[in-house]
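Trainee: Each chain, written out:
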Amino acid sequence: MTEAKAWRGVAAEYRDAPAEKVSSLLRARSRRLLADLLRPHRRGIATLVAVIIVSNGAGLVIPYLVKAGIDSGIPPILRHEGTGTLLSVVGAIIAAVLVQAYTRQAFLRLSGRIGQDILLDLRRRVFGHFQRLSLSFHQDYTSGRVISRLTSDVEAISELLQAGLDGIVNAVLTVFGTAVLLLILDVRLGLVALVPLPFLWLLTRWFRRESTLAYRRTRETVALMIVHFVESMTGIRAVQAFRRQERNQEIFAGLNADYRDANARSFQLVAIFMPGIKLIGNVTIAVVLLYGGLLATRDLVTVGVLAAFLLYLRRFYEPMQEISQFYNTLQSAGAALEKLSGVLDEVPDVAEPAQPITPAAARGRLRFDAVEFSYAEGVPVLPRLDLTIPAGQTVALVGASGAGKTTLAKLIARFHDPCAGRVLLDGVDLRDLGEDALRRAVVMVTQENFLFGGTVADNIRFGRPGAPMEQVVAAATAVGAHAFISALPDGYDTRVGQRGGRMSAGRRQLLAFARAFLADPAVLILDEATSSLDVPGERLVQRALRTILADRTTVIIAHRLSTVEIAERVLVVQDGRLVEDGTPEELIAQAGRFAGLHRAWLDSLA
Amino acid sequence: MLTETISTSQGGGVPRGLDRGTAEHGGRHPRRPRLPAFSAAAALWRLKSYLRPYVIHLIVIWLAALLGTGAAIVIPLIGKEVVDGPVARHDLAALIPLGLLALALGVAEAFLLFLRRWTQTVSVLGLETAIRDDMYRHLQRLPLRFHDEWQSGQLLSRTTTDLSTIRRFFGFGLLSLVTSVLQVVVVTAVLLGTYWPLGLLVTVSIVPIIWLSLRFERRHLVASRRVQDQQGDLATLVEESAIGIRTIKAFGRRAHVYAGYDEMARKVHGSSMAKVRLSARFSMLLEMIPNLTLALVLLLGASAVGTGVLTLGTLVALTTLALQLVWPVASLGYLLAMVQEAMTSADRVMEVLDTPPSIVSGTTVLERPRGHLRFEGVEVRFPGAAEPVLRDLWLDVRPGETVAVVGATGSGKTTLTALAPRLRDVTGGRVTIDGQDVRDLTLPSLRAVVATAFEDATLFSMSVRENVTLGHPGAGEEEVRAALEAAQATFAYDLPWGLDTRIGEQGMSLSGGQRQRLALARAMLGGPKILVLDDTLSALDVDTEALVEQALRRVLAGTTGIVVAHRASTVLLADKVALLRDGTITHVGTHRELLAEVPEYRELLSMDIDDLDRVPR
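Chains as they are written, first to last, in our numbering: chain A, 1 to 606; chain B, 1 to 617.
Pulled out of the complex, with its shape left as it was, chain A reads as follows:
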């Protein structure tokens, strides 16, 4: 980031902040990824090279043929020897034009196809990899960043593949081909025409360096502006309620001006670069005209050669202008590739077993065998835990936030692996179970109750894709969601708003329960989040819970104690240890920590 502004405050930078070294566009792992992506297209790329050489050759030959037409076609006509030579030259030009046109189309299609195939491949890889990476990764790597990897970064590469490469390949081939042809046409004039090349190179090099910096600055400033804009708009209630408009305007105007200045810098660079190329080109043309004219007056070159030179020089300088775009595209694609290869290099820390065990239908007996767990080294969350939960038991985990309840639950769902010890389901280590078997047996309903786009039925069916409608309805009925679903405009076919926006928290939770019920796992973990519900909503959920709990092992993380009454067993967790264990009645009678919590809860009900 550039100069810090006081209002923004200080924060640790992202771990995917752009690499500091500007010049190293591609680091080793990006190169590896690139090679990997290109490998399946080796033959296509070889064909592409052949096609583009033919195409450019045909294009380059045209001015040469124009020269031939002028120099060899006209004299016979003047001598009244007929138009045969001219006609054959024109015929050759038409042939060259057709070859060029056809190969050009072939090139564009082939390169387009390879590019799109690579994009598809990249999308699949990155998406699949994100899905494979464990939750601890996703916790750090926010969803916003996952989204921008898969949208703007992939599109940056797509931009390069679509527009950038075609232009640069053409420019390079044209420059080299033209240079060679000019020298063949006439060595003296050719050398004069090529004198400006070093200047061209210097100008381009200067532009590349500067525009790389300017481009990055533009991205940074626009990102800041967008963040501020979006936050102001999404938080407009607070903005208006707290008379924030003036200060916001001040900040926004500053960011907007920064963005303008950054943009101005890159525009000015182009404003120097493009006329610079033009200047070199025009001066060269004038010099060639002068020198060529001089040679022509002495009959040292023909008029045809002079004409060909003028045609060639135009073609020579025009593609140069394209280079000015290419660096921006390359720059952002390079940065994108860097980030994407970084993601693909992440190793899922919850690994699939090499030889997964597929047990018969799980019964749901859970055992923690000397389990230790910590997120960061030296800060144990669970110091050492031994616990057995018989199949079919309903257990409530109680304790302050940070005591380790959620960690315990996540270990059962294998969102994390223990650092030491084992978690066993029906006597099998979770790490030996295949993903499918594990997820069939253990389902965790989180606090988020995420609803996907699509219909209500789709969302319930997420628990078991392909389940017939009757089962969906049965699941909804079992958790008490059928009534409200039927009352929706299109019943089960009602589309939920984006991210379930049109459902209240209570209804979302019921749908999540229906989903879990349909999945019918042997072990169900509920990170109970009734706290965000109002009382009638909570009551609905409580009722649903009882249906869901029947006949399966259930672990409930209880934030509020209203759930505890339906549990057969309560575990009080404190600093990662089980400090109390018993039925609710026993614990209340013991006058321990649970009894205290229970009393406080009764009081809060007033």
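Using C-beta positions, here's what the derived DEER-type ranges look like:
| id | chain 1 | residue 1 | chain 2 | residue 2 | range |
| --- | --- | --- | --- | --- | --- |
| 1 | B | TYR493 | A | ASP551 | 50 to 58 angstroms |
| 2 | A | VAL347 | B | ASP148 | 43 to 51 angstroms |
| 3 | B | GLY260 | A | ALA351 | 23 to 31 angstroms |
The set of hints was computed from the structure by calculation and includes no laboratory data.
The beta-carbon is built from N, C-alpha and C at its ideal position, and this holds for glycine as well.
Given chain A, put chain B in place with the hints provided.
Mentor: Below, chain B without anything else, positioned relative to chain A:
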């Protein structure tokens, strides 16, 4: 020519994911019906006032563009003179001045190009920046009602993508359109005047190019929209899979989700390929036609030279000029599409700027407010809704008193909280503070008297200090400390960089309780007389709730308060309770009174498990 547009479009630097295609995809388009072409053109025309500061710049730009085009046309004609004069007559002396003239013109053309681009930078970026500042200012003034309807992504795409389109139009499109047409006309005229059969040939060859490029632009637009839409769908899938990752993992539905993504990605692949094929075919034709014309020009021209109708120099000049026409002609379709696009963008920008801010400031300033808040027969009806959200609502909150508002979901609680600070206006009745209608008060003075803390503590990606002093940029260190202490939020001093620590989305993440307490501190700063709290306790665990509750108790002690409550514990903070039902207040009394007398109230607040019909296990 085309390269120039690519550069300007990328200079905009708008993250691609936020482009119109994805940002607005799937969202509602609250657009009013408009007469498309006419009003869109009018919208673009209305933006001209933003160009006023740059009149001199504009004159320079246009002069430079026209002179530059002239130079580009004249240079090949010098080539003709060279061939026909000095070369044909072996006259070395005549060559020098012609060569120097070509040199001078070449340098002039480059300089004019530089002058145009450099001057443009200032004016078009100034234009873009000024419009953006104005849009932001305007959007901040527009009421909640407007923001309810518009997703921030839509607003963003209008202030970034659309403004870039407009900037490109004023900076490049309009100018290129005029110079291209001019160049085509002048060069054709020169060709026709020099040797009419050649001129005619070139003119005829232009027609299919124009036709093709117009046709291409149309089809390309359709193809691009399709790709954009599908990319939007793909982005939605990505978003879902990223945000719902826990759910996906919990049910082990990786393969299922991947299959859905894969299918959509293939669709994008398919329609991108269609676009590639379209472009390939078009650029093939675009290159073929001028080159074939060149062959015919040579055939015709060389024969003419052979029969002495044409000089050799003229032939050379004409071939060069004919080639010069390719781009201006081919880009016409593209440029016209750009005009269309700019008009649409201008229309979208004006649509925002034309929305009148319906909540305007009054004139009265409350001197020494006491904080007596009254709702007198208030009605709120959302536009287009059959039923009012609030109706005939009466409530009297005396200075220093705290009233809890209790009601079922959808009873209008949140709407009620927006009325006192005038985030919304009533559609009937009135809200008064110390007897003054809130609509008569100046907005700054009203919002200094009424402070609000919302259900979701909105934190911005800024320092803690900036977040807390939201409405009081000038607040001193002592004031901030006092507010933080009152709200039990002194934890802020222990953050890594103290009050300078950046929080919010882009900074340090705080727990729900910490966020709530900061929001409270923010409301407390500046000592408001009236405090409106939308149940800020809902997302907290028991321990944190106790902390926040304690803070609330202190905060509410000295101010008039309205607290929207979902739970009994919050209700107990208030002196009395108002029951909101179907948009009106049906009962007012103490918690115990209502609990004893109103069954509906009991239904809402009593969590007694025995009320539930137990399901036998």
